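Listed below are the residues making up each chain.
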Amino acid sequence: MNEENLHNELSLDDLFSNINRESKKEKKAIVPFKFLDSYTLEDKDIFYGRDDEINEIYRKFHLSNILLIYGKSGTGKSSVVNCGLRSKIPTSDLYPITIRCGKEAYKNFNAELIKHSSVRAPDSLSYLKHIYETKFKPIALIFDQFEEVFILSTSDERKALLNEIKIISESTLSVSFIFIIREEYYANLTEFEDEIPSIYSNRIRIEKMDKNHVEDAIYEPCKICNVAVEKGLSDKIINQLTKNTGQLELTWFQVLMDKLYKIAIERDKQNPELKIADLDKLGRIDKVLTTFVDDQLQKMENGINGEFVLKTLVSVDGTKKQLKIDEIHSGLNDIGIKISFDEVKDIVKYFTDVRILSEKDENGYYEFRHDSIAARIFERMTAFEKELSEVRKFIENSLKIFDNRQKLLDQNDLNYIAPYLEKLILTKEQKELINKSKKQIQKNKNRKLRLVGFIIIFILAVSSGLTIWALISKAEAENQKQIADEQRIKADSLYEDSMLSNYQKFITIGDSELDKGEFDKAEENYEIARTFIDSSEIDLRLLKIDTIRKLSSSVDSIIAEAEKLYASGQYYNAKIKYQEALNNDYKTAIIENRIDEIQGVIDSKVNSLLHAIQDFLDQGYQDMALKRISQVLELDPDNVKAKDYLKMINQ
Amino acid sequence: MNRRLIRTVENDFPYPIAAEFRILNTEEYLEPDENRLKQLLRTVESTAHFLSIISLVDLTENIIKNPELIIPETFKKEFGGRIVRTSFGKWVALLREVIKVFKINDLTMFVSELADYFIKGKSSESEAQIAFNKVTTIRNKIAHFDSVPTKKDIENFCLETEEFLEIILGELEFIQDYPFLYVNNVNVTYLKWQNPSYVHAFSEVIGNTSKFRAYKKKLKGLVNTPAVILTKENEENYLNLEPFIIFSDEGESTISDIFLYTDWDKTKGVKYRPVWVGGSYSLNGTIFQEERKKSIFRIFSIFGNSQFIDSYKEQISIEV
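So the protein sequences, as listed, match chains A and B.
Take the first sequence: its letters are residues 1 to 651, numbered as in this note's numbering.
Take the second sequence: its letters are residues 1 to 320, numbered as in this note's numbering.
Derived from the structure by calculation, the hints contain no laboratory data.
Computed from a predicted model, the values in this text were never measured in an experiment.
Glycine included, C-beta positions come from ideal geometry on N, C-alpha and C.
Hints are supplied without guarantee of correctness; some may be wrong.
Stated by the list, open to error - With a straight-line cut-off of 25 Å between C-alpha atoms, the simulated PhoX-like cross-links for lysine-lysine are:
id, chain 1, residue 1, chain 2, residue 2
1, B, K271, A, K60
2, B, K151, A, K44
3, A, K129, B, K211
4, A, K445, A, K407
To be verified - Using C-beta positions, here's what the derived DEER-type ranges look like:
id, chain 1, residue 1, chain 2, residue 2, range
5, A, S201, B, M1, 41 to 47 Å
6, A, E195, B, E31, 37 to 43 Å
7, B, L159, A, N226, 50 to 56 Å
8, B, L69, A, S201, 49 to 55 Å
9, A, D268, B, D263, 55 to 61 Å
10, B, D33, A, L282, 41 to 47 Å
11, A, I337, B, S280, 54 to 60 Å
12, B, E31, A, N226, 28 to 34 Å
13, A, D268, B, T150, 44 to 50 Å
What the hints assert, rightly or not - Calculated Cβ distances over 12 Å to all of chain B for the following chain A residues:
id, residue
14, L10
15, T91
16, S174
17, R284
18, K299
19, P419
20, A567
Isolated chain A, as found in the complex:
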C-alpha cells in the first residue's frame, strides 16, 4: 500500500458502515416516520434531532454501571436509548438486553435472560455469567418502561427483582443497568435506594425535543427515504407544534408526520412530497391524536364495543397495560360487558391494523402503541368506569395478598368495594375472599360485643360493689362523724366548763384580793381569768380597781379625817365621816366595822352620860345635867332621852 493510500485508509467502522448502508438501500425503502412506535437500532438512519441527548447519555453510560433515564411520557426516552445510544456504541463493545417488566417483573426479567442463554442456570447472575462467556462483551440490561414495576407488578415481584439487581450490580461481572422510567414514577425508585444506593447518582432527564432540532427530525429522514418536503412546511409545523411551550410534543409530531407521509404516498407513491396544504387540512395539531383515535372508533361497525375493549387495556393510572385476548375478554366480563371472544379478537385485530395497538409479542400480549393513546382512552372513561377499574384492581391485589399472607379485607375495604360489587363479575376466589372477610368481620364484631358485654357487666359489678362499699363507708363515716361531733361537743363542753370554772376561780380570787385591798393581786387574777374567758366583767372589775384606786386615796383621806375626829373625841363626827366614806362603797366592811365600833363607843358614852344626867337630875344638878345632855347630843344628836331631859329641864 503506498503512502497516499495509507492516509486515505478507512477505519473498520467506516468500512463496514458503508457496506451496511449500501445493502440497506437495496433491501427496501425505509419509512421516514414511525408513527408512535419507539425507534430501535434498525431505525438509526432515520433517527434525528436527539444528538445532544445521545451524546450526554453516552457519556453518562460510561461513568457508572447504573444509569437512570427519566422524563415525561412521549419525550422519546426509549428511542434515545434503544436507537441513539445503541447505535453509538459498537456492537462488539456491548451486548444489550432489553427487559419489559410488565405484570411479573421478576419472572419477566428471568425469562428475558433465558432467551439470551442456551443453558439452564440456577439464577439470573449465573445466566448473565454464561451470556458474558459466550458473547464476551459487557452486558447492558435496559429496563424499558420501568414504571410498570410500580404500576403493574406486585410488591413481592418488585422485591425479588430488586434483590437480583443488587446481587448482579455487586458482582464483578461487567454488567451495566439502564433504567428508563417515566418522570411521575421517579420518586418511587426510593424503594430501591436502600439496596442500590447509587440508583439516583448517575441520571439524565430527557426533555421534549427542542424546536431547533425539529427541522433535522423532519428533513433528514425524508432525505434518506427520498421524500420531498415543501418549502416552509417544517417552519409551519414547528410553529404550530411549539407555539405554546417552545418545545415539541413528540407524540403529536410523530402522528402528524406519519399522517402527512401517508397522504403524500397516497397521492404519489413514486415521488412523495409532504405539503403545506395537507397540514392545513388536518386542522389543529394538538387534536391530531385524539382525532385519530376517534376516527378509528367511528370507522368501526361497533365503536362502542371497540371503546370497551380499549378501556380494558388502560391501567388505573391511565397508562397502557399488557393483556392477552382472553384477558381482555374476561376483563370485559368482569364489568358485565358481554362481547364474544371472536368479536374481541376481531376488534383487537382491527386496532392492531390501524396501529392503535401494537402487534402481539411472543407471549401473546397486546398493548397500546403508546401511553399517549392510553391517556386519550383514559380521558374517555367515565368517573365510574375509572373507579370500577380501580376497585377491580384492588380486589385482584387483595386476592394476591390473601394467597400470600392470608390477609383478609377489613371493614373499610368492604365499605369501599360495596357500591361496585353489583357491577363487577367476580371470580369464585374473589367472592370467597369477600365472604370470608365478611364472616371474619362479623366474628370479630360478635367477639367485640361479647367482650363489651362482659366489660359492661364487670364494670357494673365493680360499680355496684364500689357503690355499696361507698354507702357503707358513708354510713360509717357519718356515724363516726356523729360520734366525733358528740365528742367534740362534749369536749367543747368540757372545755367550756373547764374554762368557766377556771374563770370563776380566778375572778373569785381576784374579788377576794380586791376586797382585801390588794389591787395588784386582784388585777393579776382578773387577767388570768381573762385567759379563760374574755368577759366584760373583767373589764368592769379592772375599771373598778381603777376607780377604787382612785377612791382609795380619797377614802383613805376621809378615814384619816374620821380617825382624827375620833381621836379628838368627836365620835359623832367621826361616825359621820365614816358614813361619808361608806358612800364610796369601798372598804365597806372595814368602814362599817369602824362605824359599829364608833357607834358602840357613842352608845356606851351616851348611856353613861344619860345615867349621869339622871343622876344629876335626880340630884338637881341641872347644869351638870345640861352639860351632859349637850355631850349626849354631841354624840347622838337624835338621842330622844337626851332631848326629853332637855325638855324637862327647859320646862
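We have chain A; now place chain B onto it with these hints.
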C-alpha cells in the same frame, strides 16, 4: 482454525491480541458474515498495532542508548505521517520500517524473534508479513467494492482473512516467552546496613480476561512504575512500553483498561483506544498527561523530521 492455537492465543497471548481474538470465537461471531469479517480484521489490526508499538519503543530505547544508530531519511520523512491518525496500514508499514532499521544496524530486538517474524533475512517478506499484506488487500477490496458485497463475497473474505490470521498468530507463538505485565506499585524496604529491596506488584496482562493475575516479587532493582512492560527471562529485564501502551482508569468509562496510542490530534490531544472497555481515551486531564506527552514528543523528536517536530513543539510549549 487450529484449536490448539485458539486456546494458546486466548489464554497465553498478550491481552490486546487475546481479547480481540476471543470475541472472534464467541457464538455471535461464528457465522462467516460481516460481523466475523470485521472482527477478523480487527484482530489482525490489533496484532499489527501491538507489535508495531513494541518495535518502535524497542528502537527508541536503542537509539537513546546509542545515538549513533542509522535512521534512514525515508524513515524520518514518513514517520510523521504514520504516527498520527494511525490505521492498520500505517502500523504495518511502521512495523516493517522499524524492523528494517534494526536489520540495517544489525541490532537484536528485545523480542529477538520479532525481526525475523516480519522480515526474513535482510529484507525478504516473511510468512507473517505476507499474511498482513494479504489482509491489507482484502481490506482494500472491501473499501473499493463495485457494489455491495454479497453474502458469498463476505464468506470468502472471512475464510481468507481467517487463514491469514492463523498464519499471523501461529508465527507469533514466541511472544508467550515475553510476559506482558503491568507494574502497579513498589514497596521499598530499606533497613539499616542492608541493601534496599523492592517488592513489586505485577499483573499479568495476558489472556482474554481483564481480570489480570497478580503477584508480588522482590527485586534488587527498581522497575519503572506505573508501567506496562514486556519482560524477558525475568522482570528486571524489561521493555517499558510507555507512553504508547498504558494502563489507566481515566478513560471515558473510568474503568481500568489497557490503552494503545492511536493519534496525537493537535486540537483534541493525544488519543488512545482501549483494548476492551469501549469509549474514548485522551491524555487531556489525566494524571500523567504532561509526562506522557513529553515522552511521546521525545520519540517524535527522535524519529520525525524537523518540520514534524516543530509542529508538535508548539503543542508541548503551549502546555508546559
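Open item on the list: Need the list of violated hint numbers for this structure, in ascending order.
Closed with: Result: hints 7, 9, 13, 14, 15 and 16 break, sorted rising.
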